[in-house]
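From these two lone chains plus the hints, build me the complex, please.
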Amino acid sequence: MFQIAPRSPVYDVVVIGSGAGGGTVTKVLADLGVSVALLDAGPMLDPQKDFKEHMWPYQVPHRGIGEGGAGYFGPTPWAFGYFSATSGGWQLAGEPYTVAPGSKFQWFRSRVIGGRTNHFGRISLRFADYDFAPYTRDGLGTDWPITYDDIAPYYDKAESFIGVTGSKEGIRSAPDGIFQPCPAPRVHELLVQRAAKKLNIPCIPSRLAVITKPTNGRPACHYCAQCGRGCVTASNYSSSQVQVFPAMKTGRVKVFTNAMARELVTDGSGKVTAVSYVDKATRTERQLRCRTVVVACGACESARLLLNSKSGSFPNGIANGSGQVGRNLTDSVGYSLGAHIPALDGLPRHNSDGMGGMHLYIPWWLWDAKNKEFPRGYHVEISGGFHMPGIGSFNGDLRQQEGYGKDLKDALYNRYGASVSFAGRGEQIPNENTYCEIDPDVVDQFGIPVLRFHFQWTDNELKQAQHMHETFQAILETMGGTVTRPKPNFLTGQGISTGGEIIHELGTTRMGNDPATSVLNKYAQAHEVKNLFVADAAPFVSNPDKNPTLTIIAMAWRTAEYLAEEMRKGNV
Amino acid sequence: MSETSRRDLLQSIALSVTLGPLSLEAAQHVHGLAAQAKAAGVYKPKALTSHEYKTLQTLADLIIPADDTSPGAAAAGACEFIDLLASQNPQLLAIYTGGIAWLDHSSQRLNSKNFVGASPEQQTKLLDLIAYRKNESPILGPGIRFFEWARRMVVDAYYTSPAGIKAIGYMGNTAVAKFEIPQEAIDYALKRSPV
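Protein sequence lines correspond, in order, to chains A and B.
All residue numbers for the first sequence refer to the working numbering, where the first residue is 1 and numbers rise by one.
All residue numbers for the second sequence refer to the working numbering, where the first residue is 1 and numbers rise by one.
Among the hints, a few may not be true.
[What the hints assert, rightly or not] No farther apart than 25 Å at their CA atoms in a straight line, the calculated lysine-lysine pairs in the DSS-like style are these:
hint	chain 1	residue 1	chain 2	residue 2
1	B	K166	A	K52
2	A	K487	A	K372
3	B	K178	A	K168
4	A	K406	B	K166
5	B	K44	A	K213
6	B	K166	B	K178
7	B	K54	B	K44
8	B	K125	B	K113
9	A	K197	B	K191
10	A	K198	A	K157
11	A	K530	A	K271
12	A	K406	B	K134
13	A	K157	A	K249
14	A	K406	B	K54
15	A	K254	A	K530
16	A	K406	B	K125
17	A	K52	B	K178
18	B	K113	A	K198
19	A	K49	A	K197
20	A	K197	A	K530
21	A	K372	A	K49
22	A	K49	A	K249
Calculated from the structure, these hints are not laboratory results.
Looking at chain B on its own, in the form it has when it is part of the complex (with noise of 0.2 Å):
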């Protein structure tokens, strides 16, 4: 929401007070502007060369896929968020040039390929070596730590992103008159409380 969107929200809520019911409908209209105002553009990396930040895209979208109601990670934005933190800090690039050349490396070895030229299944299986604290060894640590990194600041990216935020179903932010909690919501979880 820009500045000015957010100011004309609050003065929506402020005439409430005088004028009744809130104009629910200016609200929404403001949210649904930011929305759209970040999708637009094409990314350029500031911090990673082309073919890191081609691999971080493959990467996040196995992390996070898209599905038949919402895009994957690297759609959503998470790569620009990781980019961006790192063009700012030389310790969280470390961790991410590291990593990705780990990875490249890695998949070399099993497949004489790097990660983003390697088969979806290919990748997969480096991934099941990488996912799991039960693989942890001198040989796979490093990988697992590189994962741990990605897999956090991805599900940070997403679920913070506008897309991520409809995804997991967050539906307050909002300027609402009288605070209500669905019946349907409330059968539900009562039927599967034990108490």
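Isolated chain A (complex conformation) (with noise of 0.2 Å):
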């Protein structure tokens, strides 16, 4: 049973979420002096007890299987490995989501302080200058209200900040930024830097939030390979070791863990003057109140949390008069593909971890091509080496290798580390079969009425993701290695990924200076709504072929910076 605690007092900024946008406010307005209450749906992290970095496979007795061997029959409850440091997954328990029919579409969910960003593959990409034009460039989807110029002293804060390897390459569609420096190439990627000189591609040091210089107290990284487990020593960027922990030294944040929102509470006037939410531990409805509210629980459920905040004067969802919330979604086109390189057959050991993703990779290259089947583009990421082996590490070459014996143990040696694998990630243009919306039947554990999806590629993603095959068998059969994977049928909508599952959704609240198609102004302030912001990817207004956490954080440092301006001015 609900009960209804006590008035809360008046914080000058409530910040729903404690991601990479609600991380960057948070730091941004503690440090330029305003309180802030952070709400997050799950529990506080503890990085030293929750992390699981350094250990092996075999100081659990399941090993990363699961009990019983869970992972030989079906999924285990870890997305992505017992030993990552997801907190949530495809699905959550008593918070279900469903997908209209026709459609298909998963959404990765992580509720714990710091969010997704405690995993992620840290790649930090700027977005070009052309990436914020798109409607102008080819006519398709729309154009940002704001520039590359807007953007760009928010990406250098953004990189100087948290840490960026990378180097200056004079690239246009992969702009320099203020980086450190990146660590040497691994063996199978000279080879593919090589492969991909000879077919015109470029190859160069990687982009990712990992520090190799120590940076504001956090120690350089100590190249265990291991970011995905969670980073013990904070060399990698998440927000909460890099944004939430400081920003809760200032004395100026409040942090409210398993803080479910449920709506935004407004008064006579249009503005909000509290976030209502259920505090988890005790099912308690609690309201806290707010000068100002930022809205960053990442795109689909700040979408949600908009649309279920409905009133006498916001019949259709807070700041929905336009009727974009929830529009506009799109995820990254997926794709990815892998051959056992024989080059690398009993290539000589020794230690290739290096940090926790790829040393190089391969911007897009064709931006400015004519004549191209498909528009826009994607950019290659690399996979190789030496791997900490895990539980079905072999199953490829098992699948390649029959047999048993002192045969099968010498080819597994000198197969290990011999594969190479790339993995596209392209330009979705939003389309208006998809998006998602409020589901009129079903609610969570909490009565909050649910989200539900509609995602449709079309041929501009498909005929992509066929490119992407044909650029990878390309660099693969030039390595000398042979693909042995059939090339999928792409124009059915075979090979590609599925809408949600490489976790880059955005859209659903976009930007733009026309008030009656756009939710936000170009300071992501909602048009109808002065004293409501989205810090998250929500308001992007298009998803080019550069994973988007770089942009959100640079975005939502912009928007702190505006919002404390306001309020200094009175304005909100």
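Dropping the structure here:
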């Protein structure tokens, strides 16, 4: 039974969500002297206790496959493996979502301080200048209300503060930034680079949110390759360790954990006066009063909160006069392909761990090509090397290598570290059949109406995935590998990732200059509600071939500074 | 690595921030201790009978045998891993109970001895029938299916054990101050590479 708790003090700002967007806003505001209440739907994070960094597989009796060998029979409870720092997954008990008939979509949610930044791939790419004017360029999608020059100073701030590796390359599709040195390429990456060069494809040092020099009290990377398990030394970026914990030390931030936001409460003037939430531990209904609110729950969850905040002034959900809340949803196009590379057979053993991710990557190289079969582009992520063996590490080799005994043992030794694979991450263009809305029939365990997803790829994306396959096959074959997977029939929907699978969902409260076609203004402030801001990837107008986290941080930083200034002026 | 040792390693990493180069010696020491901790003691099967367990040990060592530089799968603890999981999962236990019975029955028909009692040549001859997909037939099907399970889990268990990790040559999961790739490895690959 829900109970209403007593009234709270009035916070300058209530931030909902502690991921890349919420973490950035909290840190920037706290540093500017603003008091913040930070809500997250999950528990506090304790890196020393929660992260499984440096654990060997044999330190767990089931070695990561799960009790009873669960992973041999189906999915384990751990979406990215037992040792990953994920807290959450594709399904959360008691918190469902639905998918409309004819659509496929999966939604990854991480309920914990830091959210998905505790385990994410750390890839940190600036959008290119042309990414902000996609409509002007090819007549598809919509232009942003801001340009690269508007956001560039915030990319500088973000990179300087969180630390990003890279090198100056002068490539238009991959603007240079403020970089820390990237560690040396691994052997397989050097082979990829040589093959790519032969095919006129650039292959350059990686841009990862990993520090290779001590930065702001954080020690440099110790090269254990386990970023995905969470880094106890905070040598990579997570909003929890790099922003939320330091912000808490200012004394201006109060954190509310296990606080599931239900709705934004408005007064007669249409301003947000409080955030109504469920304290999960006690199942108590509570309110936090605020002067302003920053919604940063992750694009889809943010849209859900706005759509569920219905009132006389906002019958279709707060700030949704345009009807655009939940629309323009996109994910990245994903496709992967790998092969065994005979040149790497029996490679002399060495420690190739390095950062938790590639040391070289392939930025999009055909940005000015004419007569392409599809619009926009993709970048390519590279994997290979001697990884710490885990359950299933040798499945691919076992498929290729029948038999047993000394021959098998020798073959596995020879093939270890001799596989290379590529993952493409490309741009989806918003389409009218891809969006999320409130399911009128389903609520979660707190009685909060849930999202229903609609998702369709178009030929734009299917052709792009096909191009990925052709590129990957060409590079692998140039390296001497043989691709054994038959080419999927892309145009019928085979091969391409499932919507949501790449976990780059965004666009659901897009910004724009026209309140009739956008939810937020160019500072991510709601057109209709001056004290409501959104600071995750929901304000994005397009989803370029660059993983969104760095841009979420840069945009949130800009929004936080604007908000603080507007508060100082008494405008919000 | 015990929780305490892991904390020591992390502390040594944290210390290195102020003291300069990482205490690699301390880190390696901790990793070494972890490897030793597992070795001692005799395992009592929780799910399989002693005959089944002995058969599994024989099979595991046929799949991944000892050689000059590394132990076989049984000595590396592969059967403990399988038995432990089977004790938690009746479906998995049934795969091993049934598979081992199939192996014994087939060995009896071929050699008038159960699998463990058969000679190494007889054991190998039987495995040669079920280790290759080309032999797929209604008679051999159950054996092929069981061998796939056993091979996969023995390989998983072996190469996630301290001995198997050493055998495959994984040299990471350690703290290093500067990431470098030995020139020898680069030269080896470039010499063999078509590009």
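Results of checking the hints against the structure:
Distance check on the hinted pair: K166 (chain B) and K52 (chain A) sit about 21 Å apart at the alpha-carbon level, within 25 Å; holds. Annotation: proposed proximity of K487 (chain A) to K372 (chain A) holds, straight-line Cα distance about 20 Å (limit 25 Å). The suggested pairing of K178 (chain B) with K168 (chain A) holds, with an alpha-carbon distance near 21 Å, which does not exceed 25 Å. Pair hint K406 (chain A) plus K166 (chain B) holds up; C-alpha atoms about 16 Å apart against a cutoff of 25 Å.
For the suggested pair K44 (chain B) and K213 (chain A), the alpha carbons sit about 50 Å apart, so the restraint of at most 25 Å is broken. The suggested pairing of K166 (chain B) with K178 (chain B) holds, with an alpha-carbon distance near 23 Å, which does not exceed 25 Å. Taken as a hint, the K54 (chain B) and K44 (chain B) pair is honoured in the structure, with Cα atoms around 11 Å apart against an allowance of 25 Å. For the proposed pair K125 (chain B) and K113 (chain B), the alpha carbon gap of about 14 Å is at most 25 Å, so the pair holds.
Using a Cα cut-off of 25 Å, the hinted pair K197 (chain A) and K191 (chain B) holds, with the two alpha carbons roughly 18 Å apart. For the suggested pair K198 (chain A) and K157 (chain A), the alpha carbons sit about 37 Å apart, so the restraint of at most 25 Å is broken. The straight-line distance between the Cα atoms of K530 (chain A) and K271 (chain A) is roughly 7 Å, inside the 25 Å bound, and the hint therefore holds. For the hint pairing K406 (chain A) with K134 (chain B), the CA-to-CA distance comes to about 21 Å; that is within 25 Å, so the pair holds.
Only pairs whose Cα atoms come within 25 Å are accepted, and K157 (chain A) paired with K249 (chain A) is accepted, the gap being roughly 21 Å. Proximity of K406 (chain A) to K54 (chain B) is assessed by CA-CA distance (about 21 Å); at most 25 Å being required, the pair is judged to hold. Restraint check for K254 (chain A) and K530 (chain A): satisfied, since their Cα atoms lie roughly 23 Å apart, inside the 25 Å limit. For the given pair, K406 (chain A) sits about 15 Å from K125 (chain B) by alpha-carbon distance, which is consistent with the 25 Å threshold.
Restraint check: the Cα-Cα separation between K52 (chain A) and K178 (chain B) comes to about 23 Å, which is no more than 25 Å; the hinted pair holds. Taking the CA atoms of K113 (chain B) and K198 (chain A), the gap is about 61 Å. The hint is violated against a cut of 25 Å. For the hint pairing K49 (chain A) with K197 (chain A), the CA-to-CA distance comes to about 45 Å; that exceeds 25 Å, so the pair is violated. Between the alpha carbons of K197 (chain A) and K530 (chain A) the distance comes to roughly 51 Å, so the proposed pair goes past 25 Å and is violated.
For a cut-off of 25 Å, the pair hint linking K372 (chain A) to K49 (chain A) is broken: about 50 Å separates their Cα positions. Of the pairs offered as hints, the one joining K49 (chain A) and K249 (chain A) holds, with about 20 Å between alpha carbons and a cut-off of 25 Å not exceeded.
Taken one by one, the earlier hints fail for this structure at numbers 5, 10, 18, 19, 20 and 21, listed in ascending order.
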